[in-house]
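Going down the list, the sequences are from chains A and B.
Each number in our numbering corresponds to the 1-based position in the first sequence with 650 added.
Each number in our numbering corresponds to the 1-based position in the second sequence with 1425 added.
Wrong hints could be hidden among the right ones.
Capping the alpha-carbon separation at 25 Å, the derived lysine-lysine pairs in DSS-like fashion look like this [claimed, not checked]:
id	chain 1	residue 1	chain 2	residue 2
1	B	K1443	B	K1482
2	A	K692	A	K771
3	B	K1443	A	K789
4	A	K771	B	K1450
Because the hints were derived from the structure by calculation, they are not lab data.
Residue strings, one per chain:
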Amino acid sequence: MKKIINAVENVEEEMILGLVKSAPDKLRKLECGNVVVRARKKEGKVALISGGGSGHEPAHGGYVGEGMLDGAVAGAVFTSPTPDQIYEAIKAVATDKGVLCIVKNYTGDIMNFEMAIDMAKDEDINADYVVVNDDVAVKDSLYTTGRRGVAGTVLVHKIAGALAETGASLEEVKAVAEKVIANVRTMGMAITACTMPAAGKPGFELADDEMEIGIGIHGEPGTSRETLKPANEIADELLSRIVEDIDYTGKEVAVIINGMGGTPLMELYIVNNYVSDFLAEKGIKIYDTMVGNYMTSIEMAGFSITLLRLDDELKKLYDAKADTPALKK
Amino acid sequence: MAKGFNAVVTKLDAMAGKDIGSLLKTTGMTLVSTVGGSAGPLYGTAFMKAGAVLKDKMEIGSQELVQALEAAIGGIKMRGKATTGEKTMLDAICPAYDAMKAAVDAGEDMKQAVARAVEAARAGVEYTKTIKATKGRASYIGDRSIGHQDPGATSALYMLEVLLEQI
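Sequences and hints are given; from them, build the entire structure.
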């Protein structure tokens, strides 16, 4: 394993400290653990929290700031944070309007957030949560844990965060978060695995001419292994799965071409070149495109495509001001 | 899991002289607050539920051990919304419980009963290699999970092995 770190056991904390030091007037770290909150606590508005394992930077700490999250909880790499850490985050940001937790659909994340929310409710904090499950690679059936939450989560942070800033109620913020979840779909692929610092070796091996389709963001293999194809064909395969899942025809969409951490921007733009043409041909209007590393899997080389179906309400919130280390509007 | 149990070990001195229920409850709470992921809440809940059954006990017999394990399984099923055959820790723990209960009912002593539980858990771990995951992160890869041993079942086996060594 070759990584630019100091010690495996300090990766998460040093990462959070470094993030906070990159925006010391806007962010602060809680003493109790790897929790990032806004330096100036929001009052009289619904507070938003997200979190999960580390390794997905800039998610989620990079999305803490005006117009997006109030707090983010970082667990160990690819491991959900513990209930007491989440509870401390909830307590630190809670206002009389309540707290909404944005949870990606993983067994561990859901259990730990549920336990933390129960603890918060015992303290009379009005806390609730939504579960993001935008990954179309996984079938949502009785035989799986359901779809994973991946890059679409960033758009939930953006839009729910924008509504929260207006002073909307917890019910309203939750409703708009669920509206985004209902309208956002993602699918990803990878050409290399990633190496968890504690594991010291890649999660799987791929030959030079192989790729994994339907990849998640935790170093696990995808849903199928295929022979590597040109970028346009890969993008076509991912897009086809997404537009099969919900009908985007005639709609406006926000697009994320998301790098998995080890993908050159050059390749992401090559992908976007095709995505843009594909959508135009299908009669899907692009409202805005984000190209970059938004929800990563350490140093994995690969990408995901996210499409969010927009209406007037969502467009307005999408465009609203955001000032966070990883996303500014 | 290593981090969690190391944290438990640091609390043992302070727990000296406490009843078995309190020991298990503290173990559970420590696991919940240090492990994270799925294993933290699942094993944490299991130890806390077992602790509730053994509240105030300074020593226990085979029947009580069976009851504690039954409560632990109930906690895991409740928290994880899981059952056997889904390639999880339950595929080691549930057969271990069945084997332990049968041995105790047949009048075997605690050491023999736990030995049977370990044997059944080991077979359960082997069984997880043959089935497809339908719970947890391994479920995302569907049929490709077949052939791999479940880490949750494996950690459950390790715990039972330690219990056997200590009786």
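How the hints compare with the structure:
1. K1443(B) <-> K1482(B): Given that 25 Å is the threshold and the Cα spacing comes to 9 Å, the pair holds.
2. K692(A) <-> K771(A): holds, 20 Å
3. K1443(B) <-> K789(A): violated, 48 Å
4. K771(A) <-> K1450(B): holds, 22 Å
Hint 3 from the list above is the single one not met by this structure.
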